[in-house]
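Engineer: The residues making up each chain are set out below.
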Amino acid sequence: KAGVTQTPRYLIKTRGQQVTLSCSPISGHRSVSWYQQTPGQGLQFLFEYFSETQRNKGNFPGRFSGRQFSNSRSEMNVSTLELGDSALYLCASRPGDGGLDTQYFGPGTRLTVL
Amino acid sequence: SQELEQSPQSLIVQEGKNLTINCTSSKTLYGLYWYKQKYGEGLIFLMMLQKGGEEKSHEKITAKLDEKKQQSSLHITASQPSHAGIYLCGAVDSWGKLQFGAGTQVVVTP
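So the sequences go chain by chain: A and B.
Going by the numbering used here, the residue at position 18 of the first sequence is 18; the numbering climbs one at a time, nothing skipped.
Going by the numbering used here, the residue at position 44 of the second sequence is 44; the numbering climbs one at a time, nothing skipped.
Hints in this document: simulated from the structure, not taken from any laboratory.
On a predicted model such as this, the values are computed, not experimentally measured, just so you know.
Built from N, CA and C at the ideal position, the CB exists for glycine as well.
A portion of the hints provided could be inaccurate.
[As the list claims (entries may be wrong)] Beta-carbon label-pair distances, calculated as ranges:
# : chain 1 : residue 1 : chain 2 : residue 2 : range
1 : A       : Thr14     : B       : Thr20     : 29 to 35 Å
2 : A       : Ser51     : B       : Tyr39     : 33 to 39 Å
3 : A       : Lys57     : B       : Ala102    : 33 to 39 Å
4 : A       : Gly16     : B       : Asn18     : 39 to 45 Å
[Stated by the list, open to error] Away from chain A, derived, C-beta distances all over 12 Å, residues of chain B:
# : residue
5 : Leu19
6 : Lys64
7 : His75
8 : Gln80
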């Protein structure tokens, strides 16, 4: 099976712009989670979607939003970008929404905000 | 929220030597995950421990879960250059969110 794919892999934006990141889960996986990784804060949970519904949300401002489509693909949007949004954004998928299902990660999207 | 503390923060080990990384949780562990990350890349799943006293091995990597101490350890035997990277432990909190420790950077020298 193909792994989790994320596009684009690298992105450069300027402050105030908005950005959309895409994630395709492993075939058959219905749950997609998003994480932000920075040197200062480490790996932080953004949100999780299962069957097109947001199941969990981390402690991030409303500028960060996401959605999931009927084919389980997910997108994450960040509006009004700030310098502090520069990070590696990781997406992970798992088969269901069971608490102990293993999450498999994609390669990430490196976002740089200038 | 669940907090995971990893130690050491980083370590340098000579090729062929053993190393151990610890992960301690502030709350009851319902499941403990170990991942490896090459800098700037995605996380690679290593193993998951669920029951107290459980021990799993994959190639030269062994992980154990001490439920009473709310702690897990990852041990690498006879380290190789391919073992270099950042090791992260993760645990599911009571809300179902996967939380991670800060990571341990491992450098393997010739």
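Engineer: Next, verify each hint and record whether it holds.
Structural biologist: Quick rundown of the hints versus the structure:
1. A hinted range of 29 to 35 Å for the beta carbons of Thr14(A) and Thr20(B) is inconsistent with their spacing of about 45 Å.
2. For Ser51(A) and Tyr39(B), the Cβ-Cβ distance of about 34 Å falls inside the hinted range of 33 to 39 Å, so the restraint holds.
3. Lys57(A) and Ala102(B) have their C-beta atoms about 22 Å apart, which leaves the hinted 33 to 39 Å range violated.
4. Roughly 51 Å separates the CB atoms of Gly16(A) and Asn18(B), a value that falls outside the hinted 39 to 45 Å.
5. In this structure Leu19(B) is separated from chain A by more than 12 Å, as the shortest Cβ-Cβ distance comes to about 21 Å.
6. At roughly 18 Å, the least C-beta separation between Lys64(B) and chain A is larger than 12 Å, which holds for a residue marked as non-interface.
7. In this structure His75(B) is separated from chain A by more than 12 Å, as the shortest Cβ-Cβ distance comes to about 21 Å.
8. Every beta carbon of chain A lies more than 12 Å from that of Gln80(B), the smallest distance being close to 23 Å; the non-interface claim holds.
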